[in-house]
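Asks: Taken in sequence, the protein lines are chains V and S. Every letter in the first sequence is one number past the one before it in numbering that gives the first Met the number 0, and letter 161, counting from 1, is 160. Every letter in the second sequence is one number past the one before it in numbering that gives the first Met the number 0, and letter 293, counting from 1, is 292.
If you're looking for bench data, these hints aren't it; they were derived computationally from the structure. Fair warning: there could be bad hints in the mix.
When chains are identical, the list treats them as one kind, so a pair holds in a single copy or across two.
[Claimed, not checked] Below, a list of computed lysine-lysine pairs in the DSS-like style, where the Cα atoms sit at most 25 Å apart: (1) 399 to 62; (2) 84 to 124; (3) 398 to 205; (4) 353 to 241; (5) 207 to 317; (6) 302 to 62; (7) 104 to 406; (8) 124 to 104; (9) 335 to 62; (10) 438 to 26.
Listed here are the chains, written in short residue letters.
Protein chains: 2
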Amino acid sequence: MANEKKQVEQITDMEADFGQWYTDVCKKAELIDYSSIKGMFIYRPYGYAIWENIQAELDRRFKATGHENVYLPVLIPESLLQKEKDHVEGFAPECAWVTTGGAEKLEERCCVRPTSETLFCEHYKNIIHSHRDLPKLYNQWCSVLRWEKTSRPFLRHREFLWQEGHTMHATAEEAIAETEQQLEEYATFCEDVLAMPVVRGVKTDKEKFSGAERTYTIECMMHDRKALQSGTSHYFGDGFAKAFDITYTGRDNQLHHPHQTSWGLSTRIIGGIIMTHGDNNGLVLPPRIAPIQAMVIPVAQHKEGVLEAARALLERLKAAGIRAGIDESDQSMGWKAAQYEMKGVPLRVEIGPKDMEKGQCCICRRDSGEKVFIPLAELEDTVARLLDEVHDSLYARAKKNLEDHTKVCRTLDEVKQFMETEGGFAKTMWCGELDCELKMKEEAGVSSRCMPFEQERVSDVCVCCGKPARHMIYWGVAY
Amino acid sequence: MANEKKQVEQITDMEADFGQWYTDVCKKAELIDYSSIKGMFIYRPYGYAIWENIQAELDRRFKATGHENVYLPVLIPESLLQKEKDHVEGFAPECAWVTTGGAEKLEERCCVRPTSETLFCEHYKNIIHSHRDLPKLYNQWCSVLRWEKTSRPFLRHREFLWQEGHTMHATAEEAIAETEQQLEEYATFCEDVLAMPVVRGVKTDKEKFSGAERTYTIECMMHDRKALQSGTSHYFGDGFAKAFDITYTGRDNQLHHPHQTSWGLSTRIIGGIIMTHGDNNGLVLPPRIAPIQAMVIPVAQHKEGVLEAARALLERLKAAGIRAGIDESDQSMGWKAAQYEMKGVPLRVEIGPKDMEKGQCCICRRDSGEKVFIPLAELEDTVARLLDEVHDSLYARAKKNLEDHTKVCRTLDEVKQFMETEGGFAKTMWCGELDCELKMKEEAGVSSRCMPFEQERVSDVCVCCGKPARHMIYWGVAY
């Protein structure tokens, strides 16, 4: 059995090589495959199913707050991309350019969208005329291209899947409220659905989105104590609206520019799930987005009545609204146990001849390895309860990781020492100057993660220059 | 009120100019907008919501038959596209080519996928090794690009949304069974969900998909008696598998090539819905995919209690699982009636002070204009029943159109006369030769639509050359 287990696992220990462990999990859990284009990945059925569950839940939440889905073209003419100066500077270096259509060279080359602010603005100019047309609360599910030099499954693709919300509002106040509301939507989604605790905050000017006035972010801490920016929400003011000449007639009969937001969350979050919850046996999926929440495994399935009993459990679980599967293959118990550990299935439900005699089954938790024998009559209730318990326990563990490795530092040396010995989020004060931000990167190897909404005054002076402090800020090493 | 109605409608009568009527409906019902790239359209919220409902229903059906969703890259290296000769000949002339990524010229240019057979084959080569790996039943929801010269909303886009199924099987028999199963899936979906009757059949060699051995199709007849190819399913044999060197070890321990299928249905079907059911007041949506199935409209809503009564109806409808909306705006009743006619909402539910006194509401059908007053207690049951009746009635009307305008013709002259005077599907015998197919196009302006599964022997000789007949075939003018 040890051998069979080995056949499935063969993954590097995370303590030995975290990067290799991560890649192994992505491959061996069959989440992803490589394509012949560098940096472009194939989302395999199990990986895509996780994304579908994320999509379904986010989509429901977006619609509940009045957002509507649309689909805009995948190509952006170069002149359109150039309309907003900061924006084009940020994205043009990473664009993939279409220059030929059919047999003809295009009069103007087009980029494959890296993000769609410009396209939305062009459309909004057509459809926004009066204050009655506002707000416009649109969202798009699509893929985007960014021609990056390095790549890593889920974390950095040249093409990745995401949603991008783009909204227009009559006033700055409304737009800012939307930006904050959507950031909070991401935060509660991560916490309540993905069991990932987040730090909510504001990006520095250096780290904000190209063209934005302000960028909000949620930052998560991975097992290796690095930071993952997991969702962002941007307030644009009326900068794009001016560049695209979008106006509306207000209640005052005057022309005004509307105020704009955008917000996005991508398949990178799946990388975050892996690195937050995974262990040396493979993936550990938070139950609320697991494609299979409970896998039924017949024990000694050749014995009379076992398969029928296992199938009966499967049907009962499905009828109770639980995403359940069954493995009736002729693989050994050891192989099956290892396989569904690798795939991070939250619960295994086993039933064999002895269990049948006793009117029980065995439920095994992926997160803790704990096994419980329960009377068959209690199946649905127990599985539902255990799924919630697994969620809570994953969240608590990740929260502890975040808290244990967030440290108040008062000097640059303290930050350096913390990052060198332990790693995590250095919580410091900051004067607000770019020079200090650059120096932190150069000397301590950290980038600013965010200025948390919940500010504390952990010191009176900037961690870097010693001048009067303006913000509490988190620093870390980011994916 | 006539004036107000005018404000909303302003669409061309279909009898006056069918093409203009169609474009008017697409724009005025707010399904679509133009972008700055010729032939690339914006799917607006109402149009996209129809697609979402189509997606949800098809996706459920695909999964019920064991299909899994995946996502493969949007770009295809030129060398990959060229691996299957017939395939590249069919698609290369319509490809959009990416030649630059970031600042660098690519070593090999890539096309934005026009369809993904080649990408799936590359992936299948990686993951298919043994008969245990078969079948692979994958589907992908995405957009594809085809650089066409002309364009028309939904019917011909340079970028359109679709699903593409790609499957691999151990034997030809299994692959053919899959091809036929998926065609039947499309057919029943069109009939049972979209209320669109279809003709199921096989394409001629001339009309089949580039690289396929056999293409199955469903063909629908539009109001103007033209044909719309609404879904296709292809059997490839092992041609791609050989070109891509995909093999598996069979139960016999020998290497074999697997057999392949693909099948697709696109947003073009929305064009089909419009041209099958629409009328001179605008869109008419089949209830089972209508984003709003019933729109509640308060009458004299400033009067005491009216809004509350209307909202109560809305909540009851929603609770009964009906997609319902309410229009509380200060627009007139005439405007509202015209607006939801234009948008093709199957039922309007009106309630005003007089109705409240009588404990009733008024339900108005979009398809027939019929109004019924019903006791409030019967709301949910009546709405559910009427939605089914609307579906049946739309289907019956479309079926009558198809049957009334399908005519047996025995000579080329009969076909010419039929197409010139009446138009529709000419049902004839055919010898099976390409020459006759080309001559039919040249002389009668018709293309072969399909050789229906249900063959009849309507004559002994080919409609064109008079030689012995091999197939019954439908001819028509196609979108």
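Asks: Name the hints, by number, that the structure is in violation of.
Replies: 1, 3, 4, 5, 6, 7, 8, 10
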